[in-house]
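Student: Keeping their order, the protein sequence lines are chains B and U.
Each residue of the first sequence is one higher than the one before, counting from 1 in full-length UniProt numbering.
Each residue of the second sequence is one higher than the one before, counting from 1 in full-length UniProt numbering.
Don't read these hints as lab results, they were simulated from the structure.
These numbers were taken from a predicted model, which means no experiment stands behind them.
It is possible that part of the hints are untrue.
Said to hold, decoys possible - Taking lysine to aspartate or glutamate pairs in the DMTMM-like style, the calculated list, with each CA pair at most 20 Å apart, reads: (1) U:Lys457 to U:Glu729; (2) U:Lys15 to B:Asp112; (3) U:Lys339 to U:Asp444; (4) U:Lys35 to B:Glu108; (5) B:Lys163 to U:Asp779; (6) B:Lys170 to B:Asp138; (7) U:Lys128 to B:Glu37; (8) U:Lys35 to B:Asp112; (9) U:Lys434 to U:Glu729; (10) U:Lys35 to B:Asp138; (11) B:Lys163 to U:Asp289; (12) U:Lys573 to U:Glu650; (13) U:Lys35 to B:Glu37; (14) U:Lys128 to B:Asp112; (15) U:Lys452 to U:Asp482; (16) U:Lys501 to U:Asp482; (17) U:Lys434 to U:Asp444.
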Amino acid sequence: MTSLFEEVPATADADADVPVRRVTVTLNGERRAADVEPRLLLAHLLRQGFRLTGTHTGCDTTNCGACTVLVDGLPVKSCTMLAVQADGHDVTTVEGLAGPSGLHPLQEGFKDEHGLQCGFCTPGMMLAAKALLEENPDPTEDEVRFALSGNLCRCTGYQNIVKAVLWAAKRMNGSEQ
Amino acid sequence: MTVTEPTSRALDEIKIGGMGASRRRVEDNRFIRGKGHYVDDVVLPGMLHMEILRSPVAHARIVSIDASAAWEIPGVRLVLTGEMMATRNLAWMPTLSYDTQAVLATDKVRFQGQEVAAVIADDPYIAKDACEAIVVEYEQLPVIVNPTQSLAPDAPLIRDDKVGQVDNVCFTWQVGDQDATDRAFAEADVVSRIEMHYPRSHPSPLETCGSVADFDRATGKLTVYMTTQAPHIVRAAVALIAELPEHLIRIVSPDLGGGFGNKVPVYPGYVISILASILTERPVKWIEDRTGNLISTGFGRDVYLTGEMALRKDGRILGVRMHTDSDHGAFFGDAQPSKFKIGLLHSAFACYDIPTAHLTARGVYTNKAPGGVAYRCSFRVTEAMFFQERMVQAAADDLGMDQAEFRRLNFVRDDDFPHRTPFGFLTDSGQYAKCLQVGLDAIDYEGFLREKAEAAKNGRLLGIGISCMTEPLGAGNSREYDILGIKMFDSAELRVHMTGKAILRTGAKTQGQGHETTWAQIVAHELGIPAEDILVEEGDTDTAPFGMGTYASRSTPVAGAAIAMAARKVKAKARQLAAHLLEVSEEDVEWELGRFYVRSAPDRGVSIQECAMAAYSNMPDGLEPGLEANAYYDPPNLTWPFGCYIATVEIDPATGVWDVLRFVAVDDCGVRINPMIVEGQIMGGLTEAYAMASMQFITFDADGNCIGSNFMDYLLPTAWETPGWELHEVVTPCPHHPIGAKGVGECATVGGPAAFVNAVMDALKGHGVRNVDMPLLPDRVHEALQTRGDVSGAPPIRTDR
Ligand code: FES
Ligand code: FES
Numbered sequence: 001m002t003s004l005f006e007e008v009p010a011t012a013d014a015d016a017d018v019p020v021r022r023v024t025v026t027l028n029g030e031r032r033a034a035d036v037e038p039r040l041l042l043a044h045l046l047r048q049g050f051r052l053t054g055t056h057t058g059c060d061t062t063n064c065g066a067c068t069v070l071v072d073g074l075p076v077k078s079c080t081m082l083a084v085q086a087d088g089h090d091v092t093t094v095e096g097l098a099g100p101s102g103l104h105p106l107q108e109g110f111k112d113e114h115g116l117q118c119g120f121c122t123p124g125m126m127l128a129a130k131a132l133l134e135e136n137p138d139p140t141e142d143e144v145r146f147a148l149s150g151n152l153c154r155c156t157g158y159q160n161i162v163k164a165v166l167w168a169a170k171r172m173n174g175s176e177q
Numbered sequence: 001m002t003v004t005e006p007t008s009r010a011l012d013e014i015k016i017g018g019m020g021a022s023r024r025r026v027e028d029n030r031f032i033r034g035k036g037h038y039v040d041d042v043v044l045p046g047m048l049h050m051e052i053l054r055s056p057v058a059h060a061r062i063v064s065i066d067a068s069a070a071w072e073i074p075g076v077r078l079v080l081t082g083e084m085m086a087t088r089n090l091a092w093m094p095t096l097s098y099d100t101q102a103v104l105a106t107d108k109v110r111f112q113g114q115e116v117a118a119v120i121a122d123d124p125y126i127a128k129d130a131c132e133a134i135v136v137e138y139e140q141l142p143v144i145v146n147p148t149q150s151l152a153p154d155a156p157l158i159r160d161d162k163v164g165q166v167d168n169v170c171f172t173w174q175v176g177d178q179d180a181t182d183r184a185f186a187e188a189d190v191v192s193r194i195e196m197h198y199p200r201s202h203p204s205p206l207e208t209c210g211s212v213a214d215f216d217r218a219t220g221k222l223t224v225y226m227t228t229q230a231p232h233i234v235r236a237a238v239a240l241i242a243e244l245p246e247h248l249i250r251i252v253s254p255d256l257g258g259g260f261g262n263k264v265p266v267y268p269g270y271v272i273s274i275l276a277s278i279l280t281e282r283p284v285k286w287i288e289d290r291t292g293n294l295i296s297t298g299f300g301r302d303v304y305l306t307g308e309m310a311l312r313k314d315g316r317i318l319g320v321r322m323h324t325d326s327d328h329g330a331f332f333g334d335a336q337p338s339k340f341k342i343g344l345l346h347s348a349f350a351c352y353d354i355p356t357a358h359l360t361a362r363g364v365y366t367n368k369a370p371g372g373v374a375y376r377c378s379f380r381v382t383e384a385m386f387f388q389e390r391m392v393q394a395a396a397d398d399l400g401m402d403q404a405e406f407r408r409l410n411f412v413r414d415d416d417f418p419h420r421t422p423f424g425f426l427t428d429s430g431q432y433a434k435c436l437q438v439g440l441d442a443i444d445y446e447g448f449l450r451e452k453a454e455a456a457k458n459g460r461l462l463g464i465g466i467s468c469m470t471e472p473l474g475a476g477n478s479r480e481y482d483i484l485g486i487k488m489f490d491s492a493e494l495r496v497h498m499t500g501k502a503i504l505r506t507g508a509k510t511q512g513q514g515h516e517t518t519w520a521q522i523v524a525h526e527l528g529i530p531a532e533d534i535l536v537e538e539g540d541t542d543t544a545p546f547g548m549g550t551y552a553s554r555s556t557p558v559a560g561a562a563i564a565m566a567a568r569k570v571k572a573k574a575r576q577l578a579a580h581l582l583e584v585s586e587e588d589v590e591w592e593l594g595r596f597y598v599r600s601a602p603d604r605g606v607s608i609q610e611c612a613m614a615a616y617s618n619m620p621d622g623l624e625p626g627l628e629a630n631a632y633y634d635p636p637n638l639t640w641p642f643g644c645y646i647a648t649v650e651i652d653p654a655t656g657v658w659d660v661l662r663f664v665a666v667d668d669c670g671v672r673i674n675p676m677i678v679e680g681q682i683m684g685g686l687t688e689a690y691a692m693a694s695m696q697f698i699t700f701d702a703d704g705n706c707i708g709s710n711f712m713d714y715l716l717p718t719a720w721e722t723p724g725w726e727l728h729e730v731v732t733p734c735p736h737h738p739i740g741a742k743g744v745g746e747c748a749t750v751g752g753p754a755a756f757v758n759a760v761m762d763a764l765k766g767h768g769v770r771n772v773d774m775p776l777l778p779d780r781v782h783e784a785l786q787t788r789g790d791v792s793g794a795p796p797i798r799t800d801r
């Protein structure tokens, strides 16, 4: 194998001769598998292997959060996790945010409250916010700010991002009642 | 007399998403789904990947480069060094400031992070492995990291590659009236003097730079997807540097993950990827890592100021003298209009009525990264306004005057326009005192002063800082503004289809400003075509009209004006079609939003959509079919938005930590096309202002190692520490702009920093401190309190002054 990864059918047998590992994940609800070099980062598997380019990378040091995805529901910086570590786990990316019935309230909230400008930080922000709202459905402004403090945005100044998350929280609580 | 309401059938402008509508953004539909299309998302068949090997040292002679081990690694397709670039005459390239810059080093490396070699391989991991396998032998040379060292008589010559260069000075420049200014100082009651450093900062958009170059041998066509704010300038540059025919070069700037000036220059990585694609005949992708972005691409600021103000004891400013020493790094690569060597720094003091001023500027080479870019500002106006407002506060303090009163006294009055600034610019409109008053009322100035005095009794340190400024946006006019001789105008092309839908293309390039949304609003305003019926496209040089791109807040002032002008041309033709459809003469046709009607019979009318249909299906004899127009707009002057920013802070004397209590921003950017987007721009700008005042800076140790080469060391504010913003507005339309807009993208970044610093200095008043240079890190504030003195220079090096 001359490339870092090769997507394979989820049922295929691993080839024992090449120095690769089989990784099987449930990606946005769908079982996907790939043979990868052990050093391959999860962010790169998602972006280049599975061609889900909504996960972005903005740094080399786990600071920016543009690459945030959910692994078993928890926010993870996918630039800091090896693809092989995701083996057997459930991964949600921005592409998996919207359901069959339409956009996720966070997606609507980000648009309605102008919570994005260039959009580069947005997928990571929304996934970090999703994890927050699952744990704390009715956060205060400070709690939102703290929960998003692992995600950098260079454009918005955060105020509208915070509003967007609160907008979504309200919407989600309303529809649950 | 009875007045009958005329029955208007004009469309409701807000409903159709016209001017003034806080229309939700069109581009968000793809971004919130993760379907943006950024350069790193581009994948082409057979694409190879490029990595750059950078110099670990700041100044050294290259003794040898041995790349043999890199070639051995399976999957490596090409290794490029400066020597190989030189065989194609590409080892050096011109900069935007008439200097030259190394693409890959041949003789010396001149800053840490300079590009030394490049590897092209099957995947980026292999390319990175191969970079590490390249062995470079360096013979180290003495390192220069600031102007003082650079100007020392025995300083080593950094640019020994340049014929005739005998020292490290890259330019000297002056503007203003020296004699008159000297006289003003001779007559002054009080002279206020202050020295400052505006530290080096890096725009660091969240997306780094990158390119995918794709040369097709069969057609001879070169397509480059790249992170550029100015695709047409790049096309011209590639045509000149790589000597390729311009019509066979296509530059595509897809979605950009922010720019802030960082994506204006042409960087070595782009050029190398182009050559690599030509040599390998395969697409080559280069995506810079964050460290590469921070240590090698365009920075902002790094200017030392000596400022003096001649004052009359009643508080009037008689004259201003400024001298700047600016650090440009190893190559003079500033992106700025060619006539102005220190950008528009002489726009300082434009909002004050000052008889005379004189500025001298000197730029030097150092062993630091090159390329001063307009980091979210209109060519060094950020420095101009920061220095101005710090000097103003120091002067008010020296006179013992209230800082608000001192400003009010010296402001240009509303009835004083057009006004010639002390350095020769012409400003056209503004309500400066009103803006200041709106800000003072919003923050409850008097109330805060009482609270501050009360708190002082308990040893608490509260402060209030004001910063007011008008800045020049929207370069050109073309008489004075050009980059490498290309005049600074901009363009738009509007094509209305048969069914009344339209496509609009401009020479600008959005990086998050929301052009796809706001540009359509201008057309909706002019033509009454609903904004949602207008597709906006930018960034592809094969389809977009020639324009100078988006930076320096010039999109709305220049491209925005071009859009209005193109729409007006379309409207003029639609009027001919309307007259034909209504069977009246053109003079009898009136316009209301969305519709032409017969003056004498307002009920008889045709919609703009009906005119569009007629343009393709029922045009009068002799009228050219179709409904489209383009416009190249050369602005008559700059635009001058005004901002007033007020911060209140409290310092913890035990730690030097300061918290922002409140922040009020009053922006007068003229007519607002989309208020929601304008406010978004202001809040983003304020956050960068806070960043620069509080934490964000790039510095270097004595060996030229970059401190701030990654996001662990280069601190950017997160949601947690960023203060909340309170926004207010005043609207003074620009008299010469077709829709009265002035531009806004950068005002808050330009005017904001001084508000924070002035607030902290106000809190330190009475503690023997006159100045602490940015960033106001807690340890620096603490040191100032402890030593009862100033803290100056670029930390951590304190020997540079
Ligand atoms: S890319 Fe920055 S944290 Fe992952
Ligand atoms: S929207 Fe650009 S980085 Fe957040």
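Student: Run every hint past the structure and note whether it holds.
Tutor: Taking the hints in turn, this is what the structure says about them:
1. Restraint check for Lys457 (chain U) and Glu729 (chain U): the C-alpha separation of about 36 Å exceeds 20 Å, so the hint is violated.
2. For the proposed pair Lys15 (chain U) and Asp112 (chain B), the alpha carbon gap of about 16 Å is at most 20 Å, so the pair holds.
3. With a C-alpha separation of about 44 Å, the suggested pair Lys339 (chain U) and Asp444 (chain U) falls outside the 20 Å cut-off, and the hint is violated.
4. Restraint check for Lys35 (chain U) and Glu108 (chain B): the C-alpha separation of about 15 Å stays at or below 20 Å, so the hint holds.
5. Proximity of Lys163 (chain B) to Asp779 (chain U) is assessed by CA-CA distance (about 33 Å); at most 20 Å being required, the pair is judged violated.
6. A C-alpha spacing of about 7 Å is found between Lys170 (chain B) and Asp138 (chain B), which places the hinted pair at or below 20 Å, so the restraint holds.
7. For the hint linking Lys128 (chain U) to Glu37 (chain B), the alpha-carbon distance of about 15 Å falls within 20 Å, and the restraint holds.
8. The hinted pair formed by Lys35 (chain U) and Asp112 (chain B) meets the criterion: a straight-line CA distance of about 18 Å does not exceed 20 Å.
9. The straight-line distance between the Cα atoms of Lys434 (chain U) and Glu729 (chain U) is roughly 10 Å, inside the 20 Å bound, and the hint therefore holds.
10. For the given pair, Lys35 (chain U) sits about 29 Å from Asp138 (chain B) by alpha-carbon distance, which is inconsistent with the 20 Å threshold.
11. A distance of roughly 31 Å separates the Cα atoms of Lys163 (chain B) and Asp289 (chain U); the hinted pair therefore is violated under the 20 Å criterion.
12. Of the pairs offered as hints, the one joining Lys573 (chain U) and Glu650 (chain U) is violated, with about 61 Å between alpha carbons and a cut-off of 20 Å exceeded.
13. The hinted pair formed by Lys35 (chain U) and Glu37 (chain B) fails the criterion: a straight-line CA distance of about 27 Å is larger than 20 Å.
14. Under the criterion of a C-alpha separation no larger than 20 Å, the hint pairing Lys128 (chain U) with Asp112 (chain B) is inconsistent with the structure, at around 42 Å.
15. With a C-alpha separation of about 49 Å, the suggested pair Lys452 (chain U) and Asp482 (chain U) falls outside the 20 Å cut-off, and the hint is violated.
16. With a C-alpha separation of about 35 Å, the suggested pairing of Lys501 (chain U) with Asp482 (chain U) is violated against the 20 Å cut-off.
17. Straight-line distance between C-alpha atoms of Lys434 (chain U) and Asp444 (chain U) comes to about 15 Å, which keeps the hinted pair within the 20 Å bound.
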